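K.L.:
Line by line, the protein sequences give chains A and B.
The opening residue of the first sequence carries number 188 in the working numbering; numbering runs sequentially from there.
The opening residue of the second sequence carries number 188 in the working numbering; numbering runs sequentially from there.
These are computed hints drawn from the structure, not numbers from a lab.
Quantities reported herein were computed from a predicted structural model and do not represent experimental measurements.
A hint or two may mislead.
Label pairs and their in silico Cβ distance ranges [to be verified]:
1) 224/A to 199/B: 18 to 24 Å
2) 244/A to 312/B: 19 to 25 Å
3) 214/A to 278/B: 17 to 23 Å
4) 258/B to 301/A: 16 to 22 Å
5) 190/B to 197/A: 20 to 26 Å
6) 232/B to 196/A: 34 to 40 Å
7) 244/B to 280/A: 37 to 43 Å
8) 280/B to 297/A: 39 to 45 Å
Derived lysine-lysine pairs resembling DSSO-like cross-links, with alpha carbons at most 30 Å apart [what the hints assert, rightly or not]:
9) 215/B to 308/B
10) 308/B to 245/B
11) 245/A to 215/A
12) 245/B to 215/B
13) 308/A to 258/A
14) 258/A to 245/B
15) 245/A to 308/A
16) 258/A to 215/B
17) 258/B to 215/B
18) 308/A to 215/A
19) 258/B to 308/B
20) 215/A to 258/B
21) 245/A to 258/B
22) 308/A to 215/B
23) 258/B to 245/B
Quick reminder that beta carbons are idealized off the backbone N, C-alpha and C, glycines included.
Below, each chain spelled out in residue letters.
Number of protein chains: 2
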Amino acid sequence: MSAAWLEAIRWTSEGLVPVIAQQQDSGKVLMFAWMNREALALTAEEGYAVYWSRSRQKIWRKGEQSGNRQKVHGIFLDCDEDVILLQIEQQGGIACHTGRESCFFRRLTEHGWQVVAPVLKDPALIYRQPDQASE
Amino acid sequence: MSAAWLEAIRWTSEGLVPVIAQQQDSGKVLMFAWMNREALALTAEEGYAVYWSRSRQKIWRKGEQSGNRQKVHGIFLDCDEDVILLQIEQQGGIACHTGRESCFFRRLTEHGWQVVAPVLKDPALIYRQPDQASE
Numbered sequence: 188m189s190a191a192w193l194e195a196i197r198w199t200s201e202g203l204v205p206v207i208a209q210q211q212d213s214g215k216v217l218m219f220a221w222m223n224r225e226a227l228a229l230t231a232e233e234g235y236a237v238y239w240s241r242s243r244q245k246i247w248r249k250g251e252q253s254g255n256r257q258k259v260h261g262i263f264l265d266c267d268e269d270v271i272l273l274q275i276e277q278q279g280g281i282a283c284h285t286g287r288e289s290c291f292f293r294r295l296t297e298h299g300w301q302v303v304a305p306v307l308k309d310p311a312l313i314y315r316q317p318d319q320a321s322e
Numbered sequence: 188m189s190a191a192w193l194e195a196i197r198w199t200s201e202g203l204v205p206v207i208a209q210q211q212d213s214g215k216v217l218m219f220a221w222m223n224r225e226a227l228a229l230t231a232e233e234g235y236a237v238y239w240s241r242s243r244q245k246i247w248r249k250g251e252q253s254g255n256r257q258k259v260h261g262i263f264l265d266c267d268e269d270v271i272l273l274q275i276e277q278q279g280g281i282a283c284h285t286g287r288e289s290c291f292f293r294r295l296t297e298h299g300w301q302v303v304a305p306v307l308k309d310p311a312l313i314y315r316q317p318d319q320a321s322e
């Protein structure tokens with residue numbers, strides 16, 4: 188596969204593209220992150236999600252510490268060629284560094300944001316180096 | 188409801204937050220857009236998705252021309268407080284300005300990006316002013 192498909196993407200001025208990761212069978216939206224050209228090429232090549240960590244300024248193989256890797260089932264591009272949708276199978280059932288299935292665990296109610304999803308595993312048990320757990 | 192919940196959000200330097208719109212029953216990811224504080228407040232208040240159009244630099248009531256409004260079922264915030272997930276009911280069944288259900292209609296194959304979803308309605312019939320159809 189040539190790199191022509193990478194050229195189709197309209198990268199931000201920092202060379203990034205926003206990525207939505209969705210559990211392929213349930214349709215649950217699990218997380219949102221960024222990729223640069225290298226991360227997206229590696230994702231397609233390796234078959235597992237590889238992001239660009241903006242805070243650490245480096246390639247971030249999702250699950251490299253936790254083991255909760257994301258097996259890629261489909262890579263989709265939007266109409267404006269500037270957003271990627273990744274359909275994945277979340278290994279370990281935990282995408283969020285808080286130990287929850289999804290990062291979107293707060294819901295707006297009349298009392299403000301309410302946590303609506305349980306912690307499935309203590310983050311201290313997921314990560315050996317907790318400071319590297321989040322993007 | 189006070190504006191305290193709006194304070195919880197970590198807005199970008201331009202005062203925006205990225206928003207993922209998902210069809211609430213099917214789980215289909217329909218589109219990705221941006222909101223500023225006013226747009227998010229209006230979304231919560233009116234019960235229909237209101238975005239910030241970066242290209243037009245104005246409040247954008249989704250469906251104001253096409254009639255394809257997005258009725259809000261749930262507003263979710265992620266772990267880093269900087270991304271919103273909107274669960275909506277897409278009226279008219281078309282979220283994309285190309286006349287497709289979802290904006291994510293191109294899938295990466297070994298031959299590059301392939302269109303995998305049909306145009307449900309000719310955009311010329313959806314919009315009276317096509318130049319205002321996209322973000």
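K.L.:
State for each hint whether it applies.
P.N.:
Each hint, compared with the structure:
{"no.": "1", "hint": "224/A to 199/B: 18 to 24 Å", "result": "holds, 22 Å"}
{"no.": "2", "hint": "244/A to 312/B: 19 to 25 Å", "result": "violated, 47 Å"}
{"no.": "3", "hint": "214/A to 278/B: 17 to 23 Å", "result": "holds, 20 Å"}
{"no.": "4", "hint": "258/B to 301/A: 16 to 22 Å", "result": "holds, 21 Å"}
{"no.": "5", "hint": "190/B to 197/A: 20 to 26 Å", "result": "violated, 34 Å"}
{"no.": "6", "hint": "232/B to 196/A: 34 to 40 Å", "result": "holds, 35 Å"}
{"no.": "7", "hint": "244/B to 280/A: 37 to 43 Å", "result": "holds, 42 Å"}
{"no.": "8", "hint": "280/B to 297/A: 39 to 45 Å", "result": "violated, 30 Å"}
{"no.": "9", "hint": "215/B to 308/B", "result": "holds, 19 Å"}
{"no.": "10", "hint": "308/B to 245/B", "result": "holds, 26 Å"}
{"no.": "11", "hint": "245/A to 215/A", "result": "holds, 27 Å"}
{"no.": "12", "hint": "245/B to 215/B", "result": "holds, 27 Å"}
{"no.": "13", "hint": "308/A to 258/A", "result": "holds, 20 Å"}
{"no.": "14", "hint": "258/A to 245/B", "result": "violated, 39 Å"}
{"no.": "15", "hint": "245/A to 308/A", "result": "holds, 26 Å"}
{"no.": "16", "hint": "258/A to 215/B", "result": "holds, 19 Å"}
{"no.": "17", "hint": "258/B to 215/B", "result": "holds, 15 Å"}
{"no.": "18", "hint": "308/A to 215/A", "result": "holds, 19 Å"}
{"no.": "19", "hint": "258/B to 308/B", "result": "holds, 20 Å"}
{"no.": "20", "hint": "215/A to 258/B", "result": "holds, 19 Å"}
{"no.": "21", "hint": "245/A to 258/B", "result": "violated, 39 Å"}
{"no.": "22", "hint": "308/A to 215/B", "result": "holds, 27 Å"}
{"no.": "23", "hint": "258/B to 245/B", "result": "holds, 20 Å"}
Checked against the numbered hints given earlier, the structure breaks hints 2, 5, 8, 14 and 21 and satisfies all the rest.
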